[in-house]
Structures are given as structure tokens and as C-alpha cells.
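Just so you know, we're using the working numbering here: the sequence shown kicks off at 1 and counts up by one.
No lab work stands behind these hints: they were computed from the structure.
Model, not experiment: these values are computed from the prediction.
Ideal Cβ placement from N, Cα and C applies to all residues, glycine included.
Fair warning: there could be bad hints in the mix.
Unchecked claim - Within a straight-line C-alpha distance of at most 20 Å, the following computed SDA-like cross-link-like pairs (lysine to any residue) qualify:
id	residue 1	residue 2
1	K68	K130
2	K441	N428
3	K130	E402
4	K43	R540
5	K524	G575
6	K524	K501
7	K65	P91
8	K43	F72
9	K441	A463
10	K566	D526
11	K43	G575
12	K579	E479
13	K566	A463
14	K65	S53
Said to hold, decoys possible - Have a look at the derived ranges for each label pair, beta carbon to beta carbon:
id	residue 1	residue 2	range
15	S45	V492	39 to 49 Å
16	R540	G315	27 to 37 Å
17	Y354	V212	21 to 31 Å
18	R373	E209	22 to 32 Å
19	T485	R540	15 to 25 Å
20	R373	T398	29 to 39 Å
21	T398	E479	36 to 46 Å
22	R373	R540	40 to 50 Å
23	A374	G454	11 to 21 Å
24	A166	N489	53 to 63 Å
25	R540	G449	40 to 50 Å
26	T382	E127	16 to 26 Å
27	A95	G191	47 to 57 Å
28	S153	S53	43 to 53 Å
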Amino acid sequence: MSVTLLAGTATASVAVASETPAAAPATALAPTAPVENLIVGYKSSASEASSNSAAADDATAKGKKAGKKAKFDRRLGTGAALVNLGGTVAPAEAADVMAQFRADPDVAYVEPDTRAYATAVTPNDTEYAKQWDLFESTAGMNVPAAWDKTTGSGVTVAVIDTGYVAHSDAAPNVVAGYDFISTASYARDGGGRDSNPADEGDWNATDGECGVGSKASNSSWHGTHVAGTIAAATNNSKGIAGIAYNAKIQPVRVLGKCGGSTSDIVDAITWASGGSVAGVPANATPAKVINMSLGGPGACGTSYQNAINAAVARGTTVVVAAGNSNADAAGYSPASCNNVINVAASNRAGDRSYYSNYGSIIDIAAPGGETRRATDTPGTVTTPENAILSTLNAGTTTPGAEIYKPYQGTSMAAPHVAGLAALLKSANSALTPAQIETAIKNNARPLAGTCTGGCGAGLADAAATVAAVTSTPPAPAFENTTDVTIGDNTTVESPITVTGKTGNAPAALKVGVNIVHTYIGDLKVDLIAPDGSVYTLHNRTGSGTDNINQVYTVNASSEVANGTWKLRVNDNAGGDTGKIDSWNLTF
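Let the hints inform the model, and build the full structure from the sequences given.
Laid out in C-alpha cells, this is it:
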């Protein structure tokens, strides 16, 4: 899968939602472009899952069977193995090696280590009066009215992107990040991973340099534009205002020349949220919000989903751009992953931006702007005043002078929601990622215009959402935190008795499930209503993914609220066990 920036006409691979009717089935990803590396997840019972030497021997043997070189490279933060194919190979050749891994019963999944790219457009100008996206009544996000309650203090937002190029309007809020680009030629900094997330430029000198159909382009300075929208310094008599202007920005570099790889992005998600990545120092300031304005075509892979699930379990809200292909976001990743807030782009008139992806998988819309009308010549900039103004750099390849420019894209919409998430977390530090997503969606307002295909709950409204989480606490959940062991080939139940409610349960009953298990593809998980009605939440999907940490939405409007509800878990295979750690109901 190719990952790109999600601004303007560029592209990038990334997205998630923390509330879904059920988990999406894992998809066996097939390579569609030349491949350098594979990501291999072993079942926990396999020696290769914990032994690097065993993984190395296995990679070598499987490569030999396929007539190709294959070598264990390193262990990812999720525990998966990165396997190098000895250089770039054709999709069919990579598929031969992947087939060897898929035939091994000890392998939970294998997928190509695809690349992500940045997508943004350029125009010009600066100052707060031009930030219609923050304050205009028609299609702005109603941000100023939230600032009397919260400005983002105490929250770090990780911008997983192209890195950061110095800009005086963002610098006061930037904290130490990391460069996760592992290949020197893509990093352009003379080496691989290091502690300097400086954006070295993502330009392409010639057409075709980054694959068939790629075009020569200047550097985008995409991560710096995203960072400014989230937390540019404010009330400093210059430039623009950031949405969460007292939050901190942590630049995490994953996109360079020709985009970025899944393996690097997965490790960046892990590290940014406070997880451990081999060979990388611990993150001194873990982020409570991650913004990923990147993505590409294809279903959400297991590698992405594992990293996102783990980040959410650590308490980090993950915000992802829906994509800029004017298509159903379900066909793009990480927009199609679970446990993310998937953001579509709206324009100044309140319509869905002509380029924005759409669909039932979208959670929310936010201003992404339009630097041109849909009927204008592609590549032109005819309406810069209707795009999103933020911090940038004038360099065409390497860094030059700092400037401000408007870009368009779902890359620009996502940081609006990431900034709002930071405002909410600052206002109420006890909020979970699921509660943050619910608050944003429940307090959205209808788009002033139209959204063909679906834009989720509507347009995010900062003031209404902040007011909701500060004036009244989140609705208390009925919870059972008693551990229930899940053995091989067994069925277990955990009860919650609901009292004090009147009438029936809601049409959007929230069921929070935290199951610790080493192979969730073995599990069927049902919610049992007091009258015995069964609502299936998870049905043997996810293959070898570890753990279920997710909020499901169930239409339980036909059920009486009071009574004993049960979470039933059926293990359908041997070799992997676990427990129900906790679960809850929110009415």
C-alpha cells in the first residue's frame, strides 16, 4: 500500500475510529507495487515470535523456498518481524515469498511494507482574520468560544508526518520528537533513524522517481503545516492562531522522499503513544493525541491495527485523515482501521470538499478547504482564500524562509479534530479516547451544505464539545472489572446488573470491551440482553491480533434497560488463551 499526505492533491495512508458496530475482518494484503520488505506476525506460541535468531532462520529458509533472498531485519514495536527481500522486487516475486509465510501455521499474518506519502496544495498569505475555518458561522469549527474554558495546556499532540522545519510561530510549542525513517536515501539526512525529526524535504526531481505515475514535485513541508493548525503560538502579534495553542507538538518523522513505509509508521505510532521500540530511546513526553494526515489505498493491515489498538489502550486518541480520492474511505488505510477518528474535509460553504473521501466509515467532518473549485483546472490555485492557512516554508527542495500558506486536503481537516481532542483532554484529563470521540460526534452540528456519500456525525463544533465535557461529567458507565479466564475451546460470561434506568436501552448503546487474548481470531464475543437476545460484537476476525480494546455501538432500543446484561466470550480453538479484563455499558 502506498501512503501519502492527505492535503490538496497529494495522498497518504492513515486513519481509525474507536466506535464500530463490529471489528473489521483482517485482509490478506497483496503487493501492488515493488516491495523491499515484508512485515511478518508470528503466533505467540511460535519460537519466532520471541526469538530473533529463530525469526532470522525462518526468513532465510522461506526466501530460499521461493527462490529469493529474505533476511530478518529487526523487530517492530508491535512484536512483528521486518523481513528484507535483498532490494526492491516485483510484486509477483514478493507474493511468492509471502505465500511461503502464509502456508506456515505458525504465521498469523504477512503483509508488504508499503509506503505513505504527504498530500498538500499551496497558495499564500497570513493572519487570524483569514482563518475562516476557526470562526465563521457557516462552516467554521466554532473554536474561539472554546478558548475561555481550555487552550490545550498539559497535552502533547504527536504529528506523525514529514517532520518539522523551524518556524517561529510554532517553535514555542514544539517538544522533542524522533525521526523514524529507517532508510538513508529516503531520509535525506545521511543516515537512518535518529533523534532529529527535522524535515529534510520530500521533493521528487523527476516523473516516475517514486514509482509508475509519480510526478516531480517540490517539498511540501506538510508536517509543519499540520503542526501550525494544531498548536501555532497565539496572542503573539504575528501569524496564525493554533486550535489548541497551549498544547505541545511532538514532530515524529515518517515521510520523506517517496513517502513512508508501514513499518516505520507502525513504530512511530508505538513510540509516540509511550510504547517501546527496539533501539529507540523511550519517549519522555508521550502524546495523548496522535495526528496522522497520511494514507493510501487498501484495507487496514494487521500491522496498522495492532499499533493503533495498543496506542488507544495506552490512552492515546488517534486521529486520521480520510483521504483525498473522492471515494469511499473504507477502501483506504489507515482510514479503514478500527479505533481511530476518521475525518472528512468540508469547504467554506459547508459542503463536502470535492476531493474528500466519504462513507459510513467516516466519523466526523472538519474544515479542509478548497484552493480551487472542483471544475477548475487541476493544479491551479484559484480560491486560496477558501483553503486552510498555516505555517510553512518557502524552500522548493531544502528549507528556506518561513512563510504562511493555505493548503487544502483531509490532511488539513484531521489536525482540526486533533486540536479539538487536545482541548478536550486538557479540559478533562480523565477522558478516554472513546469518550473523546463520542463527545466530538455527539456535539457536532449538521453541515450547512451537502455531503454526498456520508460525512459521519456532521461538522465538529469545538465550543459545543468543550462545553459538554466541562459542564457535566461524561455519562457514567455500568462496569465489571472482575477478570474472567478464557480457556481453550470454552465459553465464559461476565455479568453487569443495570438499575435505576427507565424505559428501554438507547439505539446507540455503547459497549466497551477490554479482552486480553493472544489470538482474537479464535473469539466470538456477544452481548446478551436481559431477555436473552444476542448481539454479536466480534466474530472470529482479526487473525493473530492481540487483545480487543474497543467500544461497540449496539441498537438495543427494543430491550428494557434494567436487568442483567452479559458479555459472552466463546473460544473456538486451542493454543491461545486470555481473559475478560473489563467491560462496560454506557446508556
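> What are the numbers of the hints the structure violates, in ascending order?
Replying inline: Violated hints (numbers, rising): 1, 6, 13, 15, 21, 27; every other hint is consistent with the structure.
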